[in-house]
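**Q** Let chain U serve as the given structure and place chains G and A on it in line with the hints.
Chains as they are written, first to last, in the working numbering: chain U, 179 to 410; chain G, 186 to 428; chain A, 23 to 153.
Everything labelled a hint here was simulated from the structure, so no lab data went into it. Please read all numbers here as calculations on a predicted model, not as lab measurements. What you were told as hints is all true, and nothing was included just to trick you.
Residues from chain G that face chain U, not an exhaustive set, calculated with beta carbons under 8 angstroms:
| hint | residue |
| --- | --- |
| 1 | 194 |
| 2 | 341 |
| 3 | 343 |
| 4 | 348 |
| 5 | 350 |
| 6 | 351 |
Only pairs whose alpha carbons sit at most 30 angstroms apart, straight line, appear in this in silico DSSO-like list of lysine-lysine:
| hint | chain 1 | residue 1 | chain 2 | residue 2 |
| --- | --- | --- | --- | --- |
| 7 | G | 330 | U | 217 |
| 8 | U | 402 | A | 127 |
| 9 | G | 295 | G | 324 |
No residue lacks a Cβ here, since even glycine has one placed at the ideal position from N, Cα and C.
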Amino acid sequence: MQVTLKILRFDPAKDKKPRWETYQVEAEPTDRVLDLLHKVKWYQDGSLAFRRSCGHGICGSDAMLINGKNRLACKTLVKDLGSVITVEPIRGLPVEKDLIVDMEPFFAAYRAVKPYLINDEPPPQRERLQSPEERARFDQGTKCILCASCTTSCPVFWVNGTYIGPAAIVQAHRFIFDSRDRGKRERFKALGSGSGVWRCRTAYNCTEACPREIPVTQLIEEVKRAILFDSF
Amino acid sequence: MDPLKEPVPVMPTAHYAMGGIPTTLWGQVIKDEKNTVVPGLYAAGEAACVSLHGANRLGTNSLGDLVVFGRRAGIHAARFARDADYHELTEEHLGESRERIERIKNSTGKEKVAALRAELQQSMMDNASVFRTGELLQKQVEILKELMDRYKRISIDDKGDAYNTELVEALELGYLLEVSEALVHSALNRTESRGAHAREDYPERDDENWLKHTLAYKVEDGKVAFRYKPVVLGRFEPKARTY
Amino acid sequence: MAIKSKRYQEARLEASTNLELYWWVFMRVSGVVLVFLLIGHMWMNAVLVDLNSIDYDYVAKRLSQTTWKVYDWLILALALLHGGNGLRYVLDDWVRDPAKRFWTKVVIYSLLAFLFFLGSLSLFNYDYGVN
Numbered sequence: 179m180q181v182t183l184k185i186l187r188f189d190p191a192k193d194k195k196p197r198w199e200t201y202q203v204e205a206e207p208t209d210r211v212l213d214l215l216h217k218v219k220w221y222q223d224g225s226l227a228f229r230r231s232c233g234h235g236i237c238g239s240d241a242m243l244i245n246g247k248n249r250l251a252c253k254t255l256v257k258d259l260g261s262v263i264t265v266e267p268i269r270g271l272p273v274e275k276d277l278i279v280d281m282e283p284f285f286a287a288y289r290a291v292k293p294y295l296i297n298d299e300p301p302p303q304r305e306r307l308q309s310p311e312e313r314a315r316f317d318q319g320t321k322c323i324l325c326a327s328c329t330t331s332c333p334v335f336w337v338n339g340t341y342i343g344p345a346a347i348v349q350a351h352r353f354i355f356d357s358r359d360r361g362k363r364e365r366f367k368a369l370g371s372g373s374g375v376w377r378c379r380t381a382y383n384c385t386e387a388c389p390r391e392i393p394v395t396q397l398i399e400e401v402k403r404a405i406l407f408d409s410f
Numbered sequence: 186m187d188p189l190k191e192p193v194p195v196m197p198t199a200h201y202a203m204g205g206i207p208t209t210l211w212g213q214v215i216k217d218e219k220n221t222v223v224p225g226l227y228a229a230g231e232a233a234c235v236s237l238h239g240a241n242r243l244g245t246n247s248l249g250d251l252v253v254f255g256r257r258a259g260i261h262a263a264r265f266a267r268d269a270d271y272h273e274l275t276e277e278h279l280g281e282s283r284e285r286i287e288r289i290k291n292s293t294g295k296e297k298v299a300a301l302r303a304e305l306q307q308s309m310m311d312n313a314s315v316f317r318t319g320e321l322l323q324k325q326v327e328i329l330k331e332l333m334d335r336y337k338r339i340s341i342d343d344k345g346d347a348y349n350t351e352l353v354e355a356l357e358l359g360y361l362l363e364v365s366e367a368l369v370h371s372a373l374n375r376t377e378s379r380g381a382h383a384r385e386d387y388p389e390r391d392d393e394n395w396l397k398h399t400l401a402y403k404v405e406d407g408k409v410a411f412r413y414k415p416v417v418l419g420r421f422e423p424k425a426r427t428y
Numbered sequence: 023m024a025i026k027s028k029r030y031q032e033a034r035l036e037a038s039t040n041l042e043l044y045w046w047v048f049m050r051v052s053g054v055v056l057v058f059l060l061i062g063h064m065w066m067n068a069v070l071v072d073l074n075s076i077d078y079d080y081v082a083k084r085l086s087q088t089t090w091k092v093y094d095w096l097i098l099a100l101a102l103l104h105g106g107n108g109l110r111y112v113l114d115d116w117v118r119d120p121a122k123r124f125w126t127k128v129v130i131y132s133l134l135a136f137l138f139f140l141g142s143l144s145l146f147n148y149d150y151g152v153n
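The shape of chain U in the complex, shown without the other chains:
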């Protein structure tokens, strides 16, 4: 089938503002949007820039705004979109070139919640044991691939930009609810601040955008509750 691919492009050397470019691409209904982008880049216009790595939804590089929704280009099929497809960079982060955005603010928020195991207790003789139930408690957060689909679909993040964002909260959740971790107070400092979880207005955009089907909003609410019960 013939697909009309509209891409919002931006070349920092030439453009003042992003501009729409339209490409005609021959595609199979089972092609991914990533395949279309490759067809454009490899055979029509080599200057098109976008991030991608593994190509099957694990590395989290190719989140983009496809037909108005944040999705991974490698997990979105042409047959689910129709014959006119628009592709834009994810919103709320500065565009570097075409579909590539500056991810630094996103990762600054990620670092702020200390996304690693914190436990200063002397290590036991063998492993720190955990029951299947304790492991299941934070299972959903472990599915996160840091693609930024959630954070860049959040209206609070778009407007103000000082919000820590859903992805960082999901990462914090993964450790706060880990029975082996002792660092929740340190994380609460970043999460409880003016730019932390209390900015969340439960718009549910993040939950809808997540390509890994993490119930993001629910996890954010659980973190709010954890902070609440920790303080009172």
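**A** Then chains G and A, alone, in the frame of chain U:
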């Protein structure tokens, strides 16, 4: 899709590359059969070859490359960096890299990166896959020569400096060609079957002549020289993998 | 734009209060309390008595009692705080320009303070001619 109505699309992918840049147990790159270290240069992961897999990497074992030897390389590199002095970057050092980039950017040749890469992939799949013969490998040697010649005439659309992913792909194609060359020449040279190297014209393992690592050195396009390094066997004897 | 703190040490400095938590709890508690206060208010003025019989004397008589003064003042205070904080959320979420956001807040907060002052004054500092 409904597998009752239409076939499920399936395609093979290469999911691991055995061999690679030879390193010590600390990730330091070595350059010859005497384990001479290249100071300050480290390799880890799939790019490196600490040689912990034998001739056939088994499932999940590349985690060792990453978790164990990645960590060791990092520790050693940090130690090295603490005592090492900065080298002066002279035109002489920069020149070659700069020239590589400028040549591709300024080229007006007709060859395209994607088309050339597709040809490389297809021919390597056909002629230098797991099961190979001297005849096919010899054919691939010639194909690689031709592709390397055509690679000199590639040009790109993107002349910019910011996120020039097209330039990166063009540079990577050059490296792919060189790695392919090392692979094909070494496979042609090794007249036995071992692990994931299955020569249909030499189906038996030949420990007498070939129980050794191949070190491939590029002489010029299409010409590769070999040296050999003994295998450190330790506790395990090489054995056929049978089920 | 973007998160201000680039490193977690900076985030730590930025994040040393529980203020937002208290506001969050306040919004929930005051919301529930307001519902009951307002139901009581409406019950009193629209169900127990005929709306049309409410005149100056009725109101003045009621507001001469301390209990009712406190009751109405609670409604005033909670409603202004709850609504004002809600408005702050909205401004934080929707006014992009920091300078514009600051001045909008100055105006709104002044207005709220004025309303609170005026309301408190009329509740506590006036005897409504009833004695």
